[in-house]
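Residues in the sequence shown are numbered consecutively from 5, following our numbering.
Derived by calculation from the structure, the hints in this document are not laboratory data.
A portion of the hints provided could be inaccurate.
Stated by the list, open to error - In the DSSO-like style, the derived pairs of lysine-lysine whose C-alpha atoms are separated by at most 30 Å in a straight line are:
1) Lys-514 / Lys-458
2) Lys-458 / Lys-500
3) Lys-500 / Lys-514
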Amino acid sequence: MAWIDASPAGDPVAGRPSGVEVGLAELAGELGIGDPSDPSARRARSLMDRLNSGGAADRLIVLDNLERADDLAGLRPRGRGLRVIVTTNLPGGALGESIPVGVFTRDQSVGFLRQRLARISEGDASAMAGVLGDLPVALSQAASTMEAMGWEPGEYMGCLEGRPLEEVVERWDGDGYPHEVWRALRLGYQTALEALGRRDEDLARLARLQLGMLSMMPHRGVPRDWLHRAGGGGPDAARRSLALLLERGVVLRAGDDAGRGGIVSLHRLQSRVVREDAVREGAVGGIVEAVVRALESALDGADMSDPGGAGRRTIVMVIESLSFLGDLDLGADLGDVDVEGLCGLVLLAGRRADEAGLGSFAVSLERIVDRVASLLGPDHPSALALRNNLAYAYESAGRLDEAIALFEQVLEDRLRVLGPDHPDTLTWRNNLAYAYESAGRLDEAIALLEQNLKESLRVLGPDHPDTLTSRNNLATAYQSAGRLDEAIALLEQNLKESLRVLGPEHPLTKRVAENLAICRRVRDERQPPPPDAVG
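Whole structure, please, built from the sequences with the hints as guidance.
Here you go:
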């Protein structure tokens, strides 16, 4: 048996031999084949001639970590009884029979960890496997590290989630894999970037940015065309750099997406290594900026003509991406980002979700809202808008206690920052009142709405559309509380004013007329019939 390091890739233009050629030449020297003073290419060919023409024998050659399929041209042993195994991240179709080597299933991961760690529960084992992406080498090294350091499962999980990977997953003596898993993952992506750099430095820089973007997006992947918007070199360059990362097996194809080029992703641990390197190198700000631009472009291009189609899926994936970004531990690195731009994206995503009937789904934005609001400062108008929209999402999801608590906090801050006469203060007082009404707290809702109508009349005047809306909202609350006479009196006044100010065809006028008709019908149904109608 012979083991040959097949990396690095050869570069014929630069005259650099491949790892395959050098390894075969060294094997020829060990077997006494050819002249040691000959160039490596000639010695490798001499070995090929001997192996391919020799008699039958049980022999095995392993070409480990092949980086370029062309490096095998003319250097693939084919002798009788000779077996060749090639390990590579390259697509296997052109290399021969392919045997994919993937990750464990979750059940396999749990079984492996419980066999290695007698005191770990099934739940803790499943959680650990999730953090490590079910990668067998990582599971083995994590188990060894946990044993060697004497960590309890809960203690180790805290370290695994809160500290750099290289501090908590180590290789210990006797491990079947020769490298720390984090070092192997780092070497894998850096080797791919170096190979791209030898071909085209601009492509390599673009590929590095795309890897960084994927490391800060959900592990299950994003549409491939989102990464075509990376960098400033145009979509063709971005397509090519991503195609080369896919060819090298660093970026994975994670599924189809209705003809948009498919879903692409990074393995969870590969993503973590790339992300930790970006934090260490101070590159987080530029990567997050690129992610924000990609998500903005995705929302702008979302086709909402089909309510249940691709546009709706795009909104969901954008919100998932923002939620993932909010969950990442990036330290203070988000401070380098255009926070106003990120805030605008979060607001846009929430608005699009509401328009698509996905308002309740926007509750998953709560972490990114907290992160952005803390960067803007509690009194920043955009921070207040973010928290107000999050309260709306809570309300849409039926989480009324959380919605009311947040609406109350936002209104208090609005009053302090903008004062009672600002139009936004009036709007947000109405939002809180509506949440009270949804929660059945009618007395509190009515008190706020009465105050809001009074302030609207004083600040905006009787003819302002917001004043008419405030009167309609108060009448609706009276109706919900069974105070029909007061509701009808308000609606009759409001209909008269709406007809005068807005005209009969205005949507608000029509809504007031409809509400008045409903109140009158309910009142009539509740009144007892006249005496001559009985019997």
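Tested hints:
no.: 1; hint: Lys-514 / Lys-458; result: 23 Å, holds
no.: 2; hint: Lys-458 / Lys-500; result: 18 Å, holds
no.: 3; hint: Lys-500 / Lys-514; result: 12 Å, holds
Hint compliance for this structure: no hint is broken.
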